[in-house]
Amino acid sequence: MKKFCIFLLVLLVVPAVVSADGGMKKRRPLPYEYGRVVINNYSEKAWIAPVVFDHWLHRANFTCRLCHVDIGFAMKAGDTNIKAQDNINGYYCGACHNGKMKFGDRVVFEACSKTPLKEDAARCERCHSLGKNVPREYDFNKFLEKFPKERFGNGVNWEKAEEDGLIKPIDFIEGISIKRQTLKVQNDLEVVPKVEGMPDIIFSHKKHTVWSGCELCHPEIFVGVKKGATKYSMQEIFEGKYCGVCHSTVAFPVLDCQRCHSKQVQ
Amino acid sequence: MKRRLLLVFMFLAAAAIPALPAWQRPCFAGQPAAAAAPDDWKKEFDDICSKTEVAATLSKEELKTLMDRCDRLMPKIEQLDESQRKVYSGRLKRARDFFFFMLETKNK
Chain L
4 MKKFCIFLLV LLVVPAVVSA DGGMKKRRPL PYEYGRVVIN NYSEKAWIAP
54 VVFDHWLHRA NFTCRLCHVD IGFAMKAGDT NIKAQDNING YYCGACHNGK
104 MKFGDRVVFE ACSKTPLKED AARCERCHSL GKNVPREYDF NKFLEKFPKE
154 RFGNGVNWEK AEEDGLIKPI DFIEGISIKR QTLKVQNDLE VVPKVEGMPD
204 IIFSHKKHTV WSGCELCHPE IFVGVKKGAT KYSMQEIFEG KYCGVCHSTV
254 AFPVLDCQRC HSKQVQ
Chain X
1069 MKRRLLLVFM FLAAAAIPAL PAWQRPCFAG QPAAAAAPDD WKKEFDDICS
1119 KTEVAATLSK EELKTLMDRC DRLMPKIEQL DESQRKVYSG RLKRARDFFF
1169 FMLETKNK
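The listed protein sequences derive, respectively, from chains L and X.
Every letter in the first sequence is one number past the one before it in the working numbering, and letter 190, counting from 1, is 193.
Every letter in the second sequence is one number past the one before it in the working numbering, and letter 87, counting from 1, is 1155.
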């Protein structure tokens, strides 16, 4: 009887464990959560809440290149290995969040202090906010209410928002950025999908280089520059590789098929 | 006595050189640029990294020269404090990788 009970238990538990491992559906982030990065290299070890970074507020004001090339943030969460001391020294978040830089008519708050005082707690919590109910200075819905709508991601068509003049992302910060010559506009690239009947992808170099430059994508994300040099599948993109590095985290997600597969089918 | 005085004077003068601002210091022949002015690495860094946008228009030789300059600059950056080292070595590596990528493209 005992043996039978154990056998029954194994029979019930094993399939449940196996299906839980492979069959769990990933929760799609809500519009205000899309692009959120939690930074916890050292926070919990120092007994403070991890940092919650929302891309939407920063991408509305700055280009991808400014933060990921000029300031030096890695493209993969956790790879930058930011320490509070880096911010105090004026690098990474501290490059702008230094209590001196002006943005519009306001001073950008200081990110970290060497000797935080009790009265600094509210300021610390502006970033170190995971699991806390911290009132945000910028409300997602209010900030983006007049922006052109899109179905996925943040629910915003950022490209159109720039075309309409609603955002003017800053690409240069004195003392941090490098004066570069203007990039010659590259031709659009047509990528033929493997699946028959699927419209071709029209890849706009212009749209990508305006915000990202060259060295953000090449060679870290795309090894080959010539057409067809980098072979990749939709599955890999869904897994966050290639286009998926940005288009599953910050830029419009790949669920929005026709934004890439945009060539008219004859 | 005169010789001794001259020696003391020379010693004092040599000791005072590092206290002078970079632009007032004497430049000795064969001295590396970075030793003459500590911020020269930054100028070199800015100059190298400003070429990424035009890398596609550069010749193979120019790209190779840029990569060599990256390799020569990296040890100087490795000597900076931790924050600076993390930021600038990452940026320089990204630029070097891009020049190499452009060179490979041109070689194909």
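No lab work stands behind these hints, which were simulated from the structure alone.
There may be inaccurate statements among the hints.
[Unchecked claim] Distance condition first, Cα-Cα at most 30 angstroms in a straight line; then the derived BS3-like pairs of lysine-lysine: (1) L:K244 / X:K1161; (2) X:K1144 / L:K209; (3) L:K209 / X:K1128; (4) L:K152 / L:K163; (5) L:K103 / X:K1111; (6) L:K29 / L:K163; (7) L:K105 / L:K86; (8) L:K197 / L:K182; (9) X:K1132 / X:K1110; (10) X:K1174 / L:K105; (11) L:K152 / L:K86; (12) X:K1128 / L:K105; (13) X:K1111 / X:K1132; (14) L:K79 / L:K182; (15) X:K1132 / L:K103; (16) L:K86 / X:K1132; (17) L:K79 / L:K28; (18) L:K182 / X:K1154; (19) L:K197 / X:K1110; (20) X:K1176 / L:K105; (21) L:K152 / L:K103; (22) X:K1144 / L:K210; (23) L:K48 / X:K1111; (24) X:K1161 / X:K1144; (25) L:K48 / X:K1110; (26) X:K1161 / L:K197; (27) L:K234 / X:K1111; (28) L:K105 / L:K79; (29) X:K1161 / L:K234.
Since the model is a prediction, treat every value here as computed from it, not as a measurement.
Structure-based check of each hint:
1. L:K244 / X:K1161: OK: L:K244 and X:K1161 at ~21 angstroms, within 30 angstroms.
2. X:K1144 / L:K209: At roughly 35 angstroms apart (the allowed maximum being 30 angstroms), L:K209 and X:K1144 break the hint.
3. L:K209 / X:K1128: The hint holds at about 24 angstroms.
4. L:K152 / L:K163: Holds. L:K152 to L:K163 sits at ~9 angstroms (cutoff 30 angstroms).
5. L:K103 / X:K1111: holds (25 angstroms)
6. L:K29 / L:K163: Since the Cα atoms of L:K29 and L:K163 sit roughly 29 angstroms apart, the hinted pair holds (cutoff 30 angstroms).
7. L:K105 / L:K86: Roughly 23 angstroms between the alpha carbons, so the hint for L:K105 and L:K86 holds.
8. L:K197 / L:K182: Violated - the C-alpha atoms of L:K182 and L:K197 are around 41 angstroms apart, more than 30 angstroms.
9. X:K1132 / X:K1110: holds (20 angstroms)
10. X:K1174 / L:K105: violated (43 angstroms)
11. L:K152 / L:K86: Violated. L:K152 to L:K86 sits at ~37 angstroms, over the 30 angstroms cutoff.
12. X:K1128 / L:K105: violated (42 angstroms)
13. X:K1111 / X:K1132: Distance of about 19 angstroms is within 30 angstroms: holds.
14. L:K79 / L:K182: holds (26 angstroms)
15. X:K1132 / L:K103: Distance ~40 angstroms between X:K1132 and L:K103 Cα, so the pair is violated.
16. L:K86 / X:K1132: violated (35 angstroms)
17. L:K79 / L:K28: Satisfied, since the Cα-Cα distance of roughly 23 angstroms is no more than 30 angstroms.
18. L:K182 / X:K1154: holds (21 angstroms)
19. L:K197 / X:K1110: violated (47 angstroms)
20. X:K1176 / L:K105: Violated - the C-alpha atoms of L:K105 and X:K1176 are around 47 angstroms apart, more than 30 angstroms.
21. L:K152 / L:K103: violated (34 angstroms)
22. X:K1144 / L:K210: Violated, because 36 angstroms separates the two Cα atoms, which is more than 30 angstroms.
23. L:K48 / X:K1111: With a Cα-Cα distance of about 38 angstroms, the restraint between L:K48 and X:K1111 is violated, given a limit of 30 angstroms.
24. X:K1161 / X:K1144: Distance of about 13 angstroms is within 30 angstroms: holds.
25. L:K48 / X:K1110: Violated, at about 34 angstroms.
26. X:K1161 / L:K197: Not satisfied, since the Cα-Cα distance of roughly 34 angstroms exceeds 30 angstroms.
27. L:K234 / X:K1111: violated (39 angstroms)
28. L:K105 / L:K79: With Cα atoms ~28 angstroms apart, L:K105 and L:K79 stay inside 30 angstroms; holds.
29. X:K1161 / L:K234: Distance ~24 angstroms between X:K1161 and L:K234 Cα, so the pair holds.
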